[in-house]
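Trainee: Could you slot chain B onto chain A? The hints should help.
2 protein chains.
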Amino acid sequence: MELPSKLLENAVNEMSQLPGIGKRTALRLVLHLLKQPAEQTEILSSALTAMRNEIQFCKECHTISDDEICGICSNASRDKSIICVVEDVRDVMALENTGMFKGVYHVLGGKISPIEGIGPSQLKITSLVEKVKKGNVAEIIFALSSTMEGDTTNFYIYKQIKDFEIKTSTIARGIAVGDELEYADEVTLGRSLLNRIPFENSIKPY
Amino acid sequence: MELPSKLLENAVNEMSQLPGIGKRTALRLVLHLLKQPAEQTEILSSALTAMRNEIQFCKECHTISDDEICGICSNASRDKSIICVVEDVRDVMALENTGMFKGVYHVLGGKISPIEGIGPSQLKITSLVEKVKKGNVAEIIFALSSTMEGDTTNFYIYKQIKDFEIKTSTIARGIAVGDELEYADEVTLGRSLLNRIPFENSIKPY
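Residue numbers (my numbering), protein chains in the order written: chain A, 1 to 206; chain B, 1 to 206.
Okay, chain A solo, but in the shape it has when bound:
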């Protein structure tokens, strides 16, 4: 795609570095900004720069936070002995939305993925093992996505903490609420059969 202006080309190229944004979409977005008042571009740019340079991560659980310790970790009513291991802040938000979890989180910042060049050292795994070593942890709940990378990461962490006397669990895999059985893949369906639960549990009020 040959663009008639270097300035436009730079903007499009940088925009298309973002995941899921191709050159054509980038051009559409950039032309949209050109039609808007210059302030909008100014505000967008400074919001992004401020976010990137000033954002903090909670010292306890490594989630994104405006304070040194995030709202969840500093909440006295949360059970610090139950730690839910997640990939990033979106998972924290999703789990918080359920209103079902009263423990705290540990945000790894990604999954082990040799293809993307992400090894264990780039993730916040050491600090999780340290927490376990200190002895105040009763349960670790693995809530990574159910992919090869997620399973690898789960297992890598599990190997390091399995000798400590703590409970480890993963969130249940099964047929999503509202889903038709016939469209479920066999692995999910097989697991949901193996890990079946007492019927009484399933009719408990949510």
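All clues given are correct.
The list makes no distinction among identical chains, and a pair is therefore deemed to hold if it is satisfied within one copy or across any two copies.
The calculated DSBU-like cross-link candidates involving lysine-lysine, where the alpha carbons are at most 30 Å apart (straight line), are: (1) K35 to K133; (2) K131 to K59; (3) K102 to K35; (4) K167 to K80; (5) K124 to K6; (6) K59 to K23; (7) K35 to K6; (8) K35 to K23; (9) K131 to K35; (10) K102 to K6.
I should point out that these hints are in silico values taken from the structure, not numbers from a laboratory.
Since this is a predicted model, take the numbers as computed values, not measurements.
Mentor: Just chain B now, with coordinates in the frame of chain A:
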């Protein structure tokens, strides 16, 4: 969607102002930037700001250009008496890619659209009419998209130039090359029948 950080929220909100980018996509993009080195955000921000503040438009045809007069308008081999009226720079690029047009363009900067609050005064219509009044124009080719807004804009311009002795034309509407007849809508098919062309013309080498 409740975000754990004001900085993150600002960035997501500004990002989701862009067309086709919802809050969830914006969050994904912003979190991607957080995982990349800070320089990438810096480069993106400054590319956008530089583009918005420094970009120029050709004084002749109003397309985006780094110079006062764009490469097409300043090209002596282009026929200045044939003007193709288009909506924005993407249309210029698309038409240039065909290699079939040897005239010049006139970029309106949009279409008349009462719903979006865009009236004729916000478009570069007056300068087009001026060009026609000066008397050096032989033909105006309307190449706006075939929507209600496009047709309205065509007609609005047509009314102002119809009394001058110039040719006016629109690009042909018809079945796209490679398309199956059965999937064409009836308006397109009907028009392609009405505006049929001599068979000899259709087998000319492209």
